[in-house]
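Residue numbers (the working numbering), protein chains in the order written: chain V, 11 to 602; chain Y, 119 to 500.
Just so you know, the hints here were simulated from the structure itself, not pulled from any lab data.
For glycine and all other residues, C-beta sits at the position ideal for the given N, C-alpha and C.
Just to be clear, a hint being listed does not mean it is correct.
Said to hold, decoys possible - To be clear about the criterion: a stretch of chain Y counts as covered by chain V if any three or more of its residues have a C-beta under 8 Å from a C-beta of chain V, and this derived list gives those stretches: (1) 131-141; (2) 194-203; (3) 211-222.
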Amino acid sequence: MEELAAAKPVSPVQPASEKHGAKRRLPLDWRSIVLVLIIAFLIYQVIVPLVGIIWTSLKDVRPGDREFLSVRWTLVNYVRIFGNKDFWSATVNTIYFALASSLCAFCTGAFLAWAVDRTNTPLARFIGMFTLGRIIIPGILITVSWIFLASPSIGILNYLIEWLTGVKRVLNIYSFWGMIWVLSLELSPLAYLLLSASFQSMDPRLEEASTMTGAGTWRTLRRISLPLITPAIGAALLLLFVLTVENFEVPLLLGGRAHVRVYTTEVYFNTARTPTDWGLASTYSVALITLAMALLFAYFRLLRQGEKYQTITGKDYRPRRVDLGPWRYVTCAVCLVIVFLTTGAPLIVMLYASFLDRMQPPTLEAFRAMSLDNYREILAADARTIGAMWNSTLLGLGSATVVMLVVSVISYYVHKTRFRARKALDFLSFVPIAIPGVVLGTAFMWLYLIVPLPVIGTLTIIGLAYLTKFLPFSLRFVSTSMIQIHSELEEAAAVAGVPWWKNFYRIYLPLLRPGLMAGWFWVMVHAYRELTISLMLARSKNRTASVIIFDLWENASFMGLSAFGVLMFIVLIVLVYVSHKISQRYGIQEQI
Amino acid sequence: MVVIEGLSKSFQTRTDKVLAVDNVSFEVAKGEMVTLLGPSGCGKTTLLRCVAGLERPEQGKIMMSDRVVVDRDRDLFVPAHQRRLGMVFQSYAIWPHMTVYQNVVYALEGKRMSRSERRKLATDALEVVKLSELADRPATRLSGGQQQRVAIARALVGQPDALLFDEPLSNLDAKLRIEMRTEIRKLQKRIGLTSIYVTHDQSEALAISDWIIVMQNGRIVETGRPTEIYRYPRTIFTAQFIGETNLIPGKVAGIDASKKQVSVDTSVGRFVGISIGAAIKPGDKVRISIRPEDLLLDPPLAEKSWNRIKAQVDNSAFAGSVVEAELRCGDYPIHCLFGRDTDLSPGIELSLGFSPEVCVVLPDDGSFADDSQTKPKSDVEQ
């Protein structure tokens, strides 16, 4: 762009072009101002909280204390932590828990991706759709419904096993393996999503070439297909590992009774106790960030290697499907069982429980006693539940809109201008990917104890934290669309004398619509279901639906929780449906 | 030797069934190179993939070296990896996680032989395609032409019964393409490998093949040696698809059976030509086809049997070795190639002549396509 402005016009219509050149100087300045503002905002949103956490970990006084701002540091928190048995057991727990559940999730997801995308398993489309659709269900609902299914005291499966065999309390979800079971079921749709993309982008000619040399299915799989997707597999495993390290819901709800404490819960309990132990919380946060950063570094190296292997030929191809013969019914059955375990069983048990007055096995008696009392209670007696639902909806819609606006401007600077600062912009909007939710929550709480803005206890503080959290992923959505827009489109408009901001509004935004819609949708769903940050920042007025679920769980009012969970799920479905309709409508308009 | 009998293959799209290969039969003699030539979507690649074993035909029979590999009547289908074939793909399909040498030696892995034997064969194959020095280079760090050579070495190394080429040169630039096709041809002749070659580029097909099979809409239009098919096309489709030609419509006036000559009345005069294709009778609608290089400027008066026409110069362009001229004769544009020293100014009238031998009379089956729009140019179509 700068080159364009700097180039001396040599066309025969020189006077006119010179006029344009003079006109263009002013918008160029505006662009720099906006750039500086955005960078400043991102530093405030990303770097300040991060530095704050590290700063606090080096202090033995609370934020807000006068001593706190002085540049005298101490390693006392680190000494406290490293000398503590709890820290080391939390470290071991975190790693074991993350390793086991990411491996299980990976295997399930890999099996689904292989069966759906690379074989002639019947119902493949249905299974794929269901698995992807499952991602919208809030994690805390899944965790709670597995408590209903397999808790030693009220678990329905335990009732059934006792009724069938007479053995009591066989299953215990409040255990290390129970936590792994729930988390791997929860993450397997994501593993499917990560792997199915790389399964589909593989050129089937590479396998056909192997077949033509006389290699059978097995040798082709072992020597060609597997090595080719190894980087993708490694990357998926690492990303799953990071997500399991950062997971909060499962250790929070199950880890307490299972006596399995991990980093995330340590951060939470040290923040949630009064008085808050800022030193310990932030030191655990630093440990968590260090682990996440190291893993993400490895992840992106693997990803780059995977790109090296990609041999895109420009021809659109369908992946080759293996004919499984009669085995395809077996794979289909296994897939359906997985879909049932990840989606069906939790939803059914939640719906079932929401009509009961106490948890009991599904007998005729239980069905006779069913009523809508729980719903009545939740909706009428307790006004704050409706408020929480409204809070979540507002946060979902609001943060999605704001995030997408900010991100589209960032993406424009990063991909379509040549400012040197655009690299910094790219980096700043990428850093949050390494900040786990608990850390972000702690950091924002800390930030507004120092910054004198009255946002603590409002939705704004949660929204601001979400803005940081969803930055990296939503930027991806927009950038893929942005890269496809040829700069000449904008240059043509610029040559025609249209100012920069009008270009952005009239040319980029409409062309970015598919990416923007997808990103908006993604942020909306994730902000609606988010628990970690909203719980860390929760006060009485700004509780979200997920936080209410947690409250109800803490008060052991399981029946009310089920009714609330069902309502929350319905609101989410309505939101998804409406936004899908809207995006479809825009899509049609685009074609005309 | 490869024999194909009554092969059919269709694809199910969302709305209907498309017959990609429609009852095709042909034979490839041992050591010969046969090209399947046709516009994109004519079914040539599907046909090749059926031979390779990568697609299952619905009907028909395929035999290779007296071994039946496909017979739908007996429900016999030998899978691709048991057919002893070599194949070169359009996208090269070089395995990016292996070196050049590993790519080639992989093709020998299923064979019973010692390690040193394998090594020797692979090295020899790389020698043949002149890539010995790059053997240890990662395969992705090669240029397009070099990757193509790796693909050829890989296809050759297992000493297959036949070699299949699926548009192997269409991803290379024009100059390299001509170089590579000469090399492929030399190699194929030297080793004496039975080959089937698929392309949409008519000049490539003419240069490389022993036989050309012209395909359209899943069917074989005609089969012949490159010279035959160029000089004596049997259909308007072939005449237009292979090389350039001038087509003038007319009616058959008379047939001289003894000399196999046909006289045709057109709006620009009566011409005498030859007919080799379908039987035609007086009164039939036909088109005569004359190649641009067969029209001679100021023909010798001694040649009494020659056809003569007068044409105005519309435009001419100097193209280095020749002068390309666009003429007009009555309502018809005539394309001509003259010697490079010919000086033509627009508007002047030329007298041209051509022998009956180069004037091919083709039955008008309605397949005439307006030259300027539908003619596939070898360099343009990718």
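Results of checking the hints against the structure:
Three residues within the 8 Å Cβ limit are the bar, and the stretch 131-141 of chain Y against chain V gives 0, so the coverage statement is violated. As drawn, the stretch 194-203 of chain Y meets chain V at 6 residues by the rule of a beta-carbon pair under 8 Å; at three or more, the given contact holds. Three residues within the 8 Å Cβ limit are the bar, and the stretch 211-222 of chain Y against chain V gives 5, so the coverage statement holds.
In the structure shown, a violation is registered for the earlier hint numbered 1 alone.
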